[in-house]
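Trainee: Quick note, the sequences are listed as chains A and B, same order.
Going by numbering that gives the first Met the number 0, the residue at position 86 of the first sequence is 85; the numbering climbs one at a time, nothing skipped.
Going by numbering that gives the first Met the number 0, the residue at position 190 of the second sequence is 189; the numbering climbs one at a time, nothing skipped.
One thing to keep in mind: the hints can contain errors.
If the Cβ cut is set under 10 Å, some of the chain A residues that face chain B in the computed set are [unchecked claim]:
{"no.": "1", "residue": "A65"}
{"no.": "2", "residue": "I126"}
{"no.": "3", "residue": "W133"}
{"no.": "4", "residue": "D205"}
{"no.": "5", "residue": "W220"}
{"no.": "6", "residue": "L222"}
{"no.": "7", "residue": "F226"}
{"no.": "8", "residue": "A230"}
{"no.": "9", "residue": "H233"}
{"no.": "10", "residue": "L251"}
No lab work stands behind these hints, which were simulated from the structure alone.
Nothing here was measured: the structure is a model prediction, and the numbers come from that model.
For each residue, glycine too, the CB sits at the ideal point set by N, CA and C.
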Amino acid sequence: MNDTFFISIVTFTYFSASLVFLISFMFKNKYMGTAALTLTAAGLVLQTLALILRWIHSYQLGIGHAPLSNFYESLVFFSWSIVFIYMVTRKRYGRSITGILATFFSFLILAYASLSGKVDCQIQPLIPALQSNWLISHVISSFLAYACFAIAFGTSILYLGKRKSGSENIGLLPDAAVLDEITYKMISIGFVLLTLGIITGAAWADCAWGRYWGWDPKETWSLITWFIYGAFLHARLTRGWRGVKMSLISILGFLAVIFTYLGVNYILSGLHSYL
Amino acid sequence: MQTKLYRIFSSARVTVFLFFVLAATSIVGTVIQQGLPLERYEKLFTPRLFAILSFFDVFDMYHSWWFTLLLVLLSINILACTLKQLPRIAKLILNGKKGFDDSVFTSSQIRKTWQRQGNLADLEEQTGVVLRKLAGTPTRVEHNGAHYFFAEKGKYSRLGMVFVHISILFILSGGVIGTIWGFSGQMNVVEGTTSDTVVLLGETGTIKLGFGVRCDDFTVEFYETGMPKEYRSDLTIVEGEKAVISGSIRVNHPLVYKGLKFCQATYGVAGMDKFRVVVHNGRTGKENILTLTLMKKVSLPGSNASFAIAKYVPGQVGRMPTVLGVLLEPGKAHDIFWIEPHRQTDKGGFTFTLQDYESRYYTGIQVSKDPGVLLVWVGFLLILAGFILSLFFSHTRVWVRIAPVEGGYEIAIAATISKNKKAFRKTVEGVIGNFQQGMVL
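Chain B on its own, in the form it takes in the complex (with noise of 0.2 Å):
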């Protein structure tokens, strides 16, 4: 039963199956959109068609159960399969020096047997020409009164299919690292406030990072074209009362502190810091610019009435910005009128232009921490690693056999390859004719 079950696992035909199956089944969550809150796709589809969606985590299928189980087969599949290769592999490496094995010399794909008259010191050296050729420096060995030679190149080449696959497991053995131990969410944060306190994707809960981060800066730049060219905030990390770091992040430069990382991700207008508005008071002729800020009073130069700004309404698509003002005169009801830019608003024997005004932004940051992500990078190295192995290395073994017979030598010659069999053969032949014809010199 044990070896019925691993038979199973360690067949290819199961990992061309689980391609296949996680190619088709992985397309679902590019039509559906993912990690909505439910109310969304309870009202898309039909209750029953929910009931079943949602049994099978289609609206997170890539952490659903199924999903998960097909990655963890496949994974059994990988491991299954390397174990089945490995003692191969390690044979081939490790003991391919065995010199004295008459068998190559029958059953190799490219062998070659002939006899020669000379000395043997003469044979001897031209068969380490011929070694050093076409794979490096020999080992010698004396058998049964005849003489091996073998040589081998780019043997660590086996190993590069080895690495491609262990490479998966790392990588995902840190992607479940990564959503076990890891979060990931945002966190928006006013100009000029502090915050600790993380939404996590989807709005499943907060997390609170026991250190703050204060935006003390967010700016945004923008082409002449009107596309955006920076997204900017200056951040300072505060540990209590101190501030530990600061630095600036943009899209593409995020900063990391203890782990986690804060990458640029939005941004948004939280509110109007100051706003000034032109006064023109009737009675002196005289002109104030004054600086308010929202539902602070000021008292109006030359008179004994006040002013205020009670709301803003940002400017729309062919609407001015525009805000509520508020004039407060002593023994007279609030006068509440609006103020533009550019247009003067009369009241109360004043003049009011509303002359600019400066916003507060917040920002938005992408905040996460994902423990398995050295696990992953070394998975791309080793399968990058493992590629280089296999396509630009290839392990050759050449064999050649001196045996005395009457009259002078007989020599075997026989070699392999693990790929590019064509192009190697050629080679082979080519140094082999000129060995026969003692040209190798």
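Chain A on its own, in the form it takes in the complex (with noise of 0.2 Å):
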């Protein structure tokens, strides 16, 4: 069986997760919440099978490799990292509204890998830059980090929308206090993953170009990234900075994730041509 075939049942698992936690959010259904969450870990683990699927797969092809290489699955994985931060988070950090966030991103990045037509699903063979055993702590490292920059964003947008209004149906959000904390714990563990990220790739930049770091537009991107991060944290930390002054860094934070994921590529030219 076809692992694009799972990925299209996990697309719309995702998509059923965050209506049915909308439903329980809205009406405070403790009920819904936990069909939510049963939806949302039984789209996590179909995901992982179809990843384990398209990685066997691989092998049976003669060009054995983990799905982790081209755009293609780098936006099934990104969606997978989301999902899987969401639930490995949600203990501790976890409230029906990052559960919302995290299935409706991880539904539309699978949509637009499914349906775009513009993103090729074929299982290629690796160039030899990628054939290294840095490709999966590299690709993993980073969009883990991505991933909690995703939810930060949009807890970051949320927070702007509260204060913003205050209407009824955005009373309905968590206080903006929470909405703050859950902001600055996710980039907290993704300021972490993406420094993990950066040193991976330098680690293996180093064996395959020579060098640790060449000012590369994809690395320099990244290193924008860890700054805003960085100021981020630093803000928040010593100098007490709480409310709209972090919810705009951290939308600044993800426009350049964003950037260094797709736009060094589509826009600016670099050695790491392969995102």
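Hey, can you piece these two chains together into the complex? The hints should help.
Mentor: Spelled out as structure tokens, the structure:
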């Protein structure tokens, strides 16, 4: 069975999960919350299976490699990461609001990956530059970081929305302070993972190109992202900034993430031409 | 003045400011391609703009004076902040055991005081259990007739952030050392030849290695889809006349010799090595396959004519590769003509067909030397160690004072933790509840 078939089921599952989360959230219904969580967990398990299946399939094609090597695979893994980060941080920082954000973001990414028609979902062999043991650790840490930043981006937008209006529906949202706190926690985890992603990337670059840092656009943009979130953490922890300013920095940071992920490859040129 | 400067540099406001400035300015170098020859930029911009941009070294901005200045300021900032925090952290780590400080029982985040009857030995035993549960084996001090107990765990987690900040200094100094005493460049070595010259990045000069790098063979493999699968150069390091080591390099699998790293970077066709041409002699009716190298004359069997290949033209889109053949017969003018694969060319009673050819590649090797790289790795390990320390460990301290009062003892407990305060408060309150009821055992 083809993994892309499973992915289409997962896409649907995440979409349903986000709807059920929304219902549970609007009517403060505990059972719906449990149902949404079950759906999300099922989606994550199925998506994990799809990833494994694709991995096995690549070996059957004689070009075996982890499914983390092209745009399609990176999108699928990005969506997996968001739900994964939500599930592991759920106990501590989880609210149904983060559940909605995580499943909905993942749904959007998967829908784009399968439906846009611009993303080639074929399993391709690895070009020489990607044949490295660093591939897995570099991609996993980077995308888990992106996932944390995506959730923080969502809570920051909601925070601003909450601050701006204060209408009835938005009143359902958790306290502004709670959103602020989730943003902060997600960014602090994401920052550590991003650091790990940059370090594994540097080690890889040293091995492949003979230098750990060469100011290639991809490297530079990952550092720009790192500076922005570094500023966020310092502003919060040592200057005591809270609220709107923090949300704006978080949104700015996520724009840098998107640019690091996509913009560098589609707008600028450099060595990191395979996403 | 000195203290004012120190105050500015040890301020986290400066850190936030520098981070934003570094982030914003770094964008420039990703938009304007870096390190091209200056003439290219001169054509791109108006003279005035070019003058301004070159004043700010925008064409190599990450090594410019102002970007370096920003990084120096960041380093000073990190150093000053760390120095400012160090006494407090040292105190927390070294002097944490001062057990009989009564102020903790009135000022700590979590504290409780109550009175109980019972004998001292029981209370002390219960105190020991409680402390071990929360923080570890307690130390015990007697002071002014009261008994003080103190236990702590995870005090070294306080060093986590110090490690993270110091690591940046390691990484930056590694970078400086690499920039000053290291180099990076490329050498192209044709198969079968030896080279000892590296062309520095940006074509700013060349470096003699002091030994030779011989390329014994270069191969490139492709997948069925036409995507490249492997680039491999078999290299031999030659010192004087002696081959020292041989090894193959592939992408991601460099060769290291004398602190220099040789990475497979690129390749190209240097020329044609051998050509095989099928020659049909119309007079004798015989067919021969000749193996030729460029510009080397061979005689054609069964005749007094000779033949050479003068030129090779690589195949282009929609066109086969061709060679220029020269037929020499005594007493006649040279006959020059194209020979192609799969197509016969008749000349002077012979029929020529290009059968195949072996191309000679050159391999492009990235050569780099970076004596600062070790410091950078140390920095990387330090930053990870720092994050692990501060993420997964926290500094827990718990104090207990048992003081005799009329009709029993007064028990005071105080506890602090460096993070996850909410969860810790819950745990401590639960333990205290049990302690109050004497249920700890």
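Trainee: Would you check whether W133 (chain A) satisfies its interface hint, that is, whether its CB is within less than 10 Å of any CB in chain B?
Mentor: holds, 8 Å
Trainee: F226 (chain A) was flagged as interface toward chain B. Is the shortest Cβ-Cβ separation under 10 Å?
Mentor: Where the cut-off is 10 Å and the nearest Cβ of chain B is about 4 Å from F226 (chain A), the hint holds.
Trainee: For the hint on L251 (chain A), just tell me whether its beta-carbon gets within less than 10 Å of chain B.
Mentor: Result: holds, 9 Å to nearest chain B Cβ.
Trainee: Given H233 (chain A) as an interface hint, is its Cβ closer than 10 Å to any Cβ of chain B?
Mentor: holds, 5 Å
Trainee: Verify the interface restraint on W220 (chain A): the C-beta must sit less than 10 Å from at least one C-beta of chain B.
Mentor: At about 6 Å, which falls below the 10 Å cut-off, the nearest Cβ of chain B leaves the hint on W220 (chain A) intact, so it holds.
Trainee: May I ask you to test the interface hint for I126 (chain A) with respect to chain B, counting a Cβ-Cβ separation under 10 Å as satisfied?
Mentor: holds, 6 Å
Trainee: Does the closest beta carbon of chain B sit nearer than 10 Å to the beta carbon of A65 (chain A)?
Mentor: Violated, because the Cβ-Cβ distance from A65 (chain A) to chain B comes to roughly 15 Å (cut-off 10 Å).
Trainee: Grab the minimum C-beta distance from D205 (chain A) to chain B and call the hint holds if it beats 10 Å, violated otherwise.
Mentor: holds, 7 Å
Trainee: For the hint on L222 (chain A), does the least C-beta distance to chain B fall short of 10 Å?
Mentor: holds, 6 Å
Trainee: Holds or violated: the hint that A230 (chain A) contacts chain B, with Cβ atoms closer than 10 Å.
Mentor: holds, 4 Å
Hint compliance for this structure: hint 1 is the single one not met.
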